[in-house]
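Trainee: This is what each chain is made of:
There are 2 protein chains.
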Amino acid sequence: MTISFETKQQNLADLAVALGVNLQEGQTLIINAPIDCADFAHKVAAAAFDRGAADVAIRYNDERLSRMRYDHADLEALTTIPAWQKARMDSYVDDQVAVISIYADDPDVMAGVDVDRVKAASNAAQAAAKKYHEAVINDRIRWCVISVPTVGWARKVFPDIPKSAAVEQLWNAIFETTRTNLTDPAAAWHRHNASFEEKVRFLNNKQFDAFVYKNALGTNITVGMPKNHIWAGGSEIAEDGIAFFPNIPTEEIFSAPDKTRVNGTLAASHPLVYNGQLIDHFALTFKDGKVVGYHAEQGFDALKSLVEANPGSNMLGEISFVPYDSPIQNLGILFYNTLFDENASCHFALGAAYPTCIEGGQNMSETELAAAGLNISTTHVDFMVGSKDLSIVGLDAEGNETPIFVDGNWANPL
Amino acid sequence: MTISFETKQQNLADLAVALGVNLQEGQTLIINAPIDCADFAHKVAAAAFDRGAADVAIRYNDERLSRMRYDHADLEALTTIPAWQKARMDSYVDDQVAVISIYADDPDVMAGVDVDRVKAASNAAQAAAKKYHEAVINDRIRWCVISVPTVGWARKVFPDIPKSAAVEQLWNAIFETTRTNLTDPAAAWHRHNASFEEKVRFLNNKQFDAFVYKNALGTNITVGMPKNHIWAGGSEIAEDGIAFFPNIPTEEIFSAPDKTRVNGTLAASHPLVYNGQLIDHFALTFKDGKVVGYHAEQGFDALKSLVEANPGSNMLGEISFVPYDSPIQNLGILFYNTLFDENASCHFALGAAYPTCIEGGQNMSETELAAAGLNISTTHVDFMVGSKDLSIVGLDAEGNETPIFVDGNWANPL
Chain Z
1 MTISFETKQQ NLADLAVALG VNLQEGQTLI INAPIDCADF AHKVAAAAFD RGAADVAIRY
61 NDERLSRMRY DHADLEALTT IPAWQKARMD SYVDDQVAVI SIYADDPDVM AGVDVDRVKA
121 ASNAAQAAAK KYHEAVINDR IRWCVISVPT VGWARKVFPD IPKSAAVEQL WNAIFETTRT
181 NLTDPAAAWH RHNASFEEKV RFLNNKQFDA FVYKNALGTN ITVGMPKNHI WAGGSEIAED
241 GIAFFPNIPT EEIFSAPDKT RVNGTLAASH PLVYNGQLID HFALTFKDGK VVGYHAEQGF
301 DALKSLVEAN PGSNMLGEIS FVPYDSPIQN LGILFYNTLF DENASCHFAL GAAYPTCIEG
361 GQNMSETELA AAGLNISTTH VDFMVGSKDL SIVGLDAEGN ETPIFVDGNW ANPL
Chain Y
1 MTISFETKQQ NLADLAVALG VNLQEGQTLI INAPIDCADF AHKVAAAAFD RGAADVAIRY
61 NDERLSRMRY DHADLEALTT IPAWQKARMD SYVDDQVAVI SIYADDPDVM AGVDVDRVKA
121 ASNAAQAAAK KYHEAVINDR IRWCVISVPT VGWARKVFPD IPKSAAVEQL WNAIFETTRT
181 NLTDPAAAWH RHNASFEEKV RFLNNKQFDA FVYKNALGTN ITVGMPKNHI WAGGSEIAED
241 GIAFFPNIPT EEIFSAPDKT RVNGTLAASH PLVYNGQLID HFALTFKDGK VVGYHAEQGF
301 DALKSLVEAN PGSNMLGEIS FVPYDSPIQN LGILFYNTLF DENASCHFAL GAAYPTCIEG
361 GQNMSETELA AAGLNISTTH VDFMVGSKDL SIVGLDAEGN ETPIFVDGNW ANPL
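Protein sequences appear in the order of chains Z and Y. For the first sequence, position 327 (counting from the first letter as 1) is numbered 327 according to UniProt numbering, and the numbering increases by one without interruption. For the second sequence, position 219 (counting from the first letter as 1) is numbered 219 according to UniProt numbering, and the numbering increases by one without interruption.
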């Protein structure tokens, strides 16, 4: 049976609404979408109304206007967030909306931008969205990130073919990785979700004290883990008890490291797009949890602005396992988009830890979370370190070693 | 000298910023734009930053999502405007922003919609925007309406040619009517503006007590004028003393009728798009200012919802003179867009009068304005009555007749 292009698009829209945010009848859906993705956003909106949404709003983001503002707007205008914007973000939490974000940045649109101005603007925006941001990382609302092609992004991924072919090829890669090219994507996702469980249980039972990462790229680091940490993967359970998938696709099993016990160097295995700027061939060195050195062959200023963005952006907040032999990695495509690249590779994040990654974390204050070793920040930026030769060894409190990853993949038997 | 398509587009963007809202250095510009007009909105944004804008925001409107919401959203969601939305509209007035609105509705997108739901939603939105609406009609902020083609609109105007040709032809009509196909559009606009002055002075000096309209379409009506009414046309002076052009193009000289002294029938000469619905071949009969009868060959329900929209939507708020032999009428194009069609034809508006159309009106309360004969409403919808055979006669208080329009054009000598 052949599944048409339109059906696959419809599958992705349906999947985001039904499994992604698990939209309930009478609930309102917010869709964050680039203006270039309006047609697909409409499909998501229609799927939401089909499912009984009370209302749907689309918030369009416009990266070309953002670039113009970074280049030309008054700094005060860039860094002053009107009260109504904060009220809007707060209302999303108060009204218990569901949020689907279509993430499809053009990796080149911010090339050469003044990173200090971007940092100032983005810190101001994040501060205004603090309540919303906390609701997201604590699963107080149900949210889902998906991606669909834009011309700018597709041309970056497939620079050597005509743009319409590039867009089509990127759609196909998205259909493949999101299982929306199958006749029953939801069933495939339930099977996929079950496959995470065994590994999550193993890791949660073992409660490793630390992990040692090594590869030929230059990664050589020990990452401590907090007491009572929790590994998760696939679907999550929101505060209201309803399951949802925060990322489509997802291939990762993740937790929070102890932010104070990170020592050594992490060498990136993939480029990173941060605030629209490409950072490539870079590495970060940590001492007692803090970045104490970094370099990048491309995008050094952007990397600097990330590390220096705000308190906590110079420490790790997420540790994540993805086998090198993963469905996304096997496509052999560099997506320049964290949603895909992070799911092709073991990764870490600089910035905020998810409070759900420690027992009782959702009921802890920021002070309590920090005391438990979880990083607090308004930033959360993933970067990829997984390679074909990556080895990861788990250490227990006595220093006994358990192989976790061998040659880039899960050790067998785990 | 040939002027390229791109230059004409640039001319329109520049004209809207420089003459339309007369953007001042350090001022913020809000652009209201259909999502399909993002590329042109970016040109306007760039023109604004070139002129020293402190900031530019684009508010995208999405008529396909609006249609879905009218069809499927909960009525409560449609009619409950969040507090932050009201705060946003209020902030435009408080912050003294300039507003350029790109008006390019698809005339067919709302075909068959439930007009009662549209009316309910639109009344709620207008109530939340009351302060903004009052600022606009009192020239407390500088605003400008322009139009650029969308595929949906262009196909309606030119249904018999391929869509890319339709879009191009509509662009050309817009360049022609906005004088942006000239080498110095600003100079042409200053000359154009001067041409209004003589007629405005004549009408303001005469202070006619009423006008009698007649034509073969069935128009036969007497429209009383309030004491100390003011005729205006072309540029206006905002509260801050800075001149601006609220409409590009504009060919009209307008004032406010006495809302209680309108008796007879007005037969529409052009179709009208209201809330996305087409109303055609319609007429309205008034007694002592109020609509006491109406019919429409197409869009009767939409006409009904307009007349019944809210207090004041069943009375006249604007009277406007445009010769039949006008540059827009001479193009022979039915635009299905009020910005063009109203400037091709004598017209009236149901709903709010502009307080600027009476001496001291900007400092009057709503009660004082109403006592002076000016209509108060949250609606303002123009409809066209000008025809090739239209005659308009001015009456003074003693009933002496002065021909104003003969055979659709200004009587000569006026």
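No lab work stands behind these hints: they were computed from the structure. Treat the hints with caution; some may be incorrect.
Identical copies look the same in the list; a pair holds intra-copy or inter-copy alike.
What the hints assert, rightly or not - Here are the computed lysine-lysine pairs in the DSS-like style, where the Cα-Cα straight-line distance is at most 30 Å:
#1 Lys43 with Lys388
#2 Lys163 with Lys304
#3 Lys43 with Lys199
#4 Lys206 with Lys287
#5 Lys163 with Lys8
#6 Lys163 with Lys214
#7 Lys43 with Lys206
#8 Lys206 with Lys130
#9 Lys227 with Lys163
#10 Lys86 with Lys130
#11 Lys86 with Lys214
#12 Lys206 with Lys163
#13 Lys214 with Lys287
#14 Lys206 with Lys388
Keep in mind the model is a prediction, meaning the values are calculated, not measured.
Trainee: Now tell me, hint by hint, if it's right for this structure.
Mentor: Hints, verified against the model:
1. Lys43 with Lys388: neither (38 Å within a copy, 47 Å between copies)
2. Lys163 with Lys304: neither (33 Å within a copy, 49 Å between copies)
3. Lys43 with Lys199: Classified as neither: same-chain Cα gap 35 Å, cross-chain 53 Å, threshold 30 Å.
4. Lys206 with Lys287: within (26 Å within a copy, 86 Å between copies)
5. Lys163 with Lys8: both (20 Å within a copy, 28 Å between copies)
6. Lys163 with Lys214: neither (39 Å within a copy, 59 Å between copies)
7. Lys43 with Lys206: Cα proximity of Lys43 and Lys206: none, with 44 Å in one copy and 59 Å across.
8. Lys206 with Lys130: neither (34 Å within a copy, 62 Å between copies)
9. Lys227 with Lys163: Neither, since 50 Å and 64 Å both go past 30 Å.
10. Lys86 with Lys130: For Lys86 and Lys130, the Cα distance is within 30 Å both inside one copy (9 Å) and across copies (22 Å).
11. Lys86 with Lys214: Neither way: Lys86 and Lys214 sit 43 Å apart in one copy and 55 Å across, limit 30 Å.
12. Lys206 with Lys163: neither (49 Å within a copy, 64 Å between copies)
13. Lys214 with Lys287: within (16 Å within a copy, 88 Å between copies)
14. Lys206 with Lys388: within (25 Å within a copy, 89 Å between copies)
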